[in-house]
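Chains A and B are the protein sequences, given in the same order.
The opening position of the first sequence corresponds to residue 1 in the numbering used here, with each subsequent residue numbered one higher.
The opening position of the second sequence corresponds to residue 1 in the numbering used here, with each subsequent residue numbered one higher.
Worth flagging that the hints you see were computed from the coordinates, not collected in a lab.
Every residue, glycine too, gets a C-beta built ideally from N, C-alpha and C.
You may find that some hints are simply not true.
To be verified - Part of the chain B face toward chain A, derived, beta carbon under 8 Å:
#1 Gly-300
#2 Glu-383
#3 Ile-816
Unchecked claim - Covered stretches of chain A (in silico footprint by chain B; criterion: 3 or more residues with CB under 8 Å from a CB of chain B, positions within the stretch not fixed):
#4 44 to 55
#5 76 to 85
#6 112 to 124
#7 181 to 195
Stated by the list, open to error - To give a feel for the contact side, a few chain A residues facing chain B, derived at Cβ under 10 Å:
#8 Ile-93
#9 Ile-101
#10 Asn-103
#11 Arg-158
#12 Ala-159
#13 Asp-170
#14 Cys-212
#15 Lys-219
#16 Asn-222
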Amino acid sequence: MTMNKSAIQFSDVSLSYGTSDNRVEVLKGISFSINADEIVSIVGPSGSGKTSIIMLAAGLEKTSSGAIKINNEDITNLNENALSAVRRQHVGIVFQSFYLIPNLTALENVLLSLEANQKYNKDEEAISLLTEFGLAHRIHHLPSELSGGEQQRVAIARALINKPAIILADEPTGNLDETTSKNMMQLLFDYTRAQQTSLVLVTHDNDLAQQCDRIIELKDGNIV
Amino acid sequence: MFNYQQWLFIHRYAIRDIRRSYKKLWVIAITLFISLLLLSLTFSIKQSLNDEIKSNSVELLGGDVQINSGITPLSDERLLQLSKLAKVSQTVNFFTMLSKPGEGAVFTDLRSVDEHYPLYGVVQTEPAGAREKLLVETGAPAVLINENIQNQLQLKVGDELKIMSTIFVVGGVIVSVPDLTNSAAFGEFAIISKNEYDKFDLRTAGSFLHHDTRLKIPKSNDYDSIVDAVQSLLADDNNIRMKLPSDSAQSLRRIIDNFSNFLNLVSVSAMIIAGIGISNTLLSFINQRNTSIAIKKSLGFSSQTIQLIYFYEILVVLLSASIVAYAVGVLSPLVANLVIPASFGISLQPSFSLLDYANVAFIGLLVVLIFSIPSLYSIPSIEAAALFRNTFQSVNLHFSAKNILYLLILAAILVAYFVLQTRQQTLTLSYFFAFFVSMFVFYGVAKFLIFVLRQLPAFPNNTYKIAYRNIASKKSLAPIITISLGIGLTLLLTLSFVADNLKREIVQSIPSMAPDLFFISVNKDEKEPLEVFIRTLDSDAIMEFNPMVSATFVALNAKPIESLVSRDNRSHWAIQGDRRISWSVEPPEDNLIIKGEWWKPGNSEQMLVSMDSRVAEDLGINVDDEITLSILGREVVGIIKNLRQVDYRGMGTNFAIIINTAFAQQLPFEYVGTLKSEHPSGEIQSQVLRQFPNISAIKIDRILSKVGQIMNKIFIAVTSISLIVIVIGMIVIVSAVMVQTSLRKYNNLIYKILGVDFATILKAMTLEFAIIYLTLISFSISAAAFASYYVVENIFTLQWQLDWGLTLMLTASTGIVTFALILLANKNMFNPAVYPLIRNE
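The whole structure should be built from the sequences, with the hints applied where relevant.
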């Protein structure tokens with residue numbers, strides 16, 4: 001029997017905001033682990049802490065207590081620069097609102113991800129991925145010249161170009177119509193399975209969650 | 001550490017960002033360009049002028065060596081010795097009257113020249129070659145006059161002129177002389193031959209004579225050894241001063257230094273205010289890129305990399321602005337040539353100096369660093385986590401203890417850099433101190449206004465409520481308006497108040513107190529006949545005559561005075577060359593003795609001295625000190641008995657040095673006098689000149705109008721330059737307004753939805769500006785009034801008055817222009833489109 005390598009590991013993680021008088025507990029000592037080639041969806045009602053898990057896993061938020069490991073490296077007490085390094089080397093993020101840089105073309109947005117990792121002059125690689133995503137005719141277009149679906153495909157290409165070990169997707173189809181959403185998720189699933197990358201998907205869509213290897217359900221900051 | 005590839009990425013990214021977002025950086029580019037241009041112009045013109053002086057130093061001096069022997073010529077024996085070493089040329093300058101029957105007379109700087117003059121360069125005349133006419137001995141002697149004399153006396157070549165009692169014929173008009181003189185350029189200047197001068201037989205002790213002997217050392221000879229030989233030849237005479245080409249045009253050099261220092265201070269002020277704009281624009285640039293920065297962080301870029309990208313962008317803008325500004329600066333001497341009077345004979349050449357460019361760019365870099373640090377350090381507070389929540393908060397300027405330390409160090413370097421480059425270090429340091437204090441004061445003014453408004457009861461009026469909210473909000477324009485406009489306006493008002501007071505005193509107060517005519521070169525034998533003659537013209541005329549003799553300040557307490565007093569000393573004039581001294585039994589009227597006591601009559605053996613208290617203070621002289629004066633070639637040691645407060649404002653005859661009458665009785669002397677009369681002064685002047693051709697009678701109104709004209713020119717130049725600070729301030733305000741346009745548009749939309757009409761919004765904006773501006777000008781006027789009062793009353797010792805008309809004109813025009821620009825910058829916010837804003841687009 002082979003042991004799956006853990007990509008993300010949360011151990012008794014709590015997250016709270018505010019002062020002692022007015023404290024909001026977002027996550028209450030949750031623990032879970034996601035394997036390297038696993039596709040996991042996180043579901044739950046609004047305010048249950050889904051997005052907070054993504055933010056913590058991306059090193060964009062600090063835990064109040066507990067520990068987080070990314071690719072077996074404890075990131076709990078890393079400083080901002082070290083967390084940036086973890087993010088650029090191991091993590092790709094897909095947002096609900098796409099978040100492309102408005103004054104960069106589709107190609108430049110994808111290349112930016114490589115450049116963050118000090119990989120320069122990789123235009124061919126980026127063009128090839130964008131072509132694979134059906135965007136060959138759009139590579140020199142600015143985000144404002146792309147449709148919502150095209151923008152999200154560029155955003156996914158940007159997240160995948162570095163071949164990260166972990167992809168964190170926060171409601172990636174939230175701003176897309178049903179058909180486009182399905183195509184988009186198929187693209188994401190196909191690619192992550194092909195690359196044996198772990199995918200953490202925050203979603204309200206039960207059908208989408210059902211397509212994942214595993215579902216983590218949250219309620220009031222606890223895994224249920 | 002960053003590697004080459006990373007730097008290349010930062011460079012490429014920054015250049016691409018500038019190319020695509022250059023419109024957002026225009027304020028930084030424009031304000032940097034204007035302030036760097038002013039700095040470049042200063043460096044470039046100063047460099048060109050100094051180069052011109054250096055390359056023409058021999059011509060400007062008029063020889064390889066200039067020997068000034070004051071009111072007496074060099075002895076024949078000395079001249080003989082000098083002529084063995086070099087070619088010798090002698091000139092004598094003195095002031096006298098030139099008159100043309102029926103056209104009046106002008107007081108002129110008359111130069112007599114020998115056949116060798118000029119040793120270097122040429123005297124340019126119209127018609128050409130008129131210089132040679134001076135040597136012609138047949139018929140009436142020739143005189144060359146400058147354009148000012150020609151215009152005033154309506155003269156043409158061949159006309160007759162009277163100098164003393166001799167009739168001269170105008171031989172030509174002087175265009176330029178190689179050895180620059182102020183009179184040739186700005187005043188009345190004429191040249192006659194030395195032979196004709198000798199015929200005047202001027203031997204009086206107090207004449208304003210200035211004997212110069214110039215030497216031209218043959219090229220084949222050893223220059224240094226001849227200069228040494230000349231020096232040793234003249235060493236035994238303290239009355240003789242020797243100048244070498246390196247000492248030429250000292251006063252011009254000093255004027256250039258002072259003016260360039262003033263320009264430097266104005267340009268650094270403009271640059272610091274531009275810095276506020278840079279800081280503001282950069283912060284808004286960062287806030288506009290809030291999302292992009294968060295995205296970059298989500299991709300793994302560190303804050304440091306992002307800071308470097310934006311800093312690199314600013315550096316590229318700085319580099320471009322500084323190169324263009326310096327290039328314009330380098331070419332500016334060609335334009336300057338058009339405004340320099342032809343009589344100067346100066347032709348400036350553009351001079352490129354890498355060091356000068358580095359100087360300009362370094363100052364720009366310091367300012368950019370100081371003002372970009374608080375903006376760039378706001379980048380770490382932008383969180384990528386906001387991308388998940390769609391909640392972006394605007395960031396503010398970041399002032400941590402570390403940042404403040406960096407800023408203080410950089411500000412200290414900037415100040416030290418300027419202070420160390422100027423001779424007027426205390427003044428420059430004081431200016432910087434006042435400038436930084438003013439910045440804090442004007443920031444405090446805005447905060448004070450907001451505080452006061454918050455204490456006031458709420459007025460039930462929509463216009464006021466909107467205006468109040470805008471002023472008291474976190475994004476209030478009040479601080480940026482008060483700081484950006486406050487300093488420039490205060491500088492403009494201060495300069496205007498000082499100039500206005502000086503002009504008023506010159507045009508009104510001084511003429512009412514001053515005499516109508518000055519008489520100089522009055523021989524002691526002519527004094528009484530002159531008084532009697534004037535009495536026949538006006539029996540009520542008030543006349544005052546004082547004896548005088550020329551003297552040179554040689555030593556203080558047996559130490560050579562020139563070794564004790566620097567050229568920058570305010571009272572250096574008192575030790576420079578020959579000065580006129582007088583004597584009196586009683587202290588002059590209105591001269592208050594502030595230290596020591598007036599002497600008792602008698603004591604003809606000892607020279608007792610009364611000195612102008614300000615000169616004494618500047619030169620470090622005290623009661624009981626010993627001063628050595630050279631009077632008519634004889635060195636006399638005197639004792640300072642008292643210090644007097646001298647009021648020069650009355651323009652009567654005042655003397656910095658007065659000696660005791662008992663000692664002075666043994667000296668040969670002449671008189672200087674003044675006349676105040678109810679009769680037309682021009683008529684008295686022409687009658688006196690006809691009767692006493694050797695006396696110079698000068699109309700005071702002519703001098704005052706000349707001083708007034710010069711003052712006007714200086715005033716226009718200085719205020720125009722200081723306007724640059726206001727222009728930069730206005731650009732900064734416009735940029736601040738534009739930064740807020742989207743917020744204001746959004747607010748106005750809400751007002752529009754709530755039914756507030758356009759007129760109310762416009763009235764609210766007007767009221768908002770009026771409240772801020774009125775607060776600002778009340779502080780600016782107070783500060784300017786205080787500063788100008790100090791300058792006028794203490795430095796110029798004139799009477800200060802505040803001209804409300806001028807104040808109103810300056811503040812109203814500045815306010816109207818600023819408000820018009822604010823409205824222009826806001827033109828899109830008055831009628832905001834509803835749809836895009838409701839959709840958050």
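Satisfaction of the B:Gly-300 interface hint, Cβ to chain A closer than 8 Å
Since chain A brings a Cβ to about 2 Å from B:Gly-300, closer than 8 Å, the hint holds.
Using Cβ atoms only, decide whether A:Ala-159 comes closer than 10 Å to chain B, and label the hint accordingly.
Hint holds; A:Ala-159 Cβ to chain B Cβ min 9 Å, cut 10 Å.
Tell me if A:Asp-170 is really an interface residue toward chain B, meaning its C-beta lies closer than 10 Å to one of theirs.
6 Å, holds
Holds or violated: the hint that A:Asn-103 contacts chain B, with Cβ atoms closer than 10 Å.
5 Å, holds
Would you check chain B against the segment 44 to 55 of chain A, counting CB to CB pairs closer than 8 Å, and say if three or more residues qualify?
Since 3 is at least three, the answer is holds.
For the restraint on A:Ile-93, tell me whether the closest CB of chain B is nearer than 10 Å.
Holds: closest Cβ of chain B sits about 5 Å from A:Ile-93, inside 10 Å.
Three or more residues of the segment 112 to 124 of chain A near chain B by CB distance under 8 Å?
Since three or more residues must qualify, the claim that chain B covers the segment 112 to 124 of chain A holds, with 7 doing so at under 8 Å.
Could you check if A:Lys-219 really has its C-beta closer than 10 Å to a C-beta on chain B?
At 19 Å from the nearest chain B Cβ, A:Lys-219 fails the 10 Å test, so the hint is violated.
Verify this for me: three or more residues of the segment 181 to 195 of chain A with a beta carbon less than 8 Å from a beta carbon of chain B.
Per the Cβ count (0), the hint is violated.
Restraint satisfaction for A:Asn-222 [CB to CB of chain B, less than 10 Å]
Constraint on A:Asn-222 not satisfied, violated at 20 Å.
Verdict on chain B covering the segment 76 to 85 of chain A, where coverage means 3 or more residues with a C-beta closer than 8 Å
holds (count 4)
Agreement of hint A:Ile-101 with chain B interface, Cβ distance less than 10 Å:
5 Å, holds
Hints 3, 7, 14, 15 and 16 from the list above are not met by this structure, while the remaining hints are.
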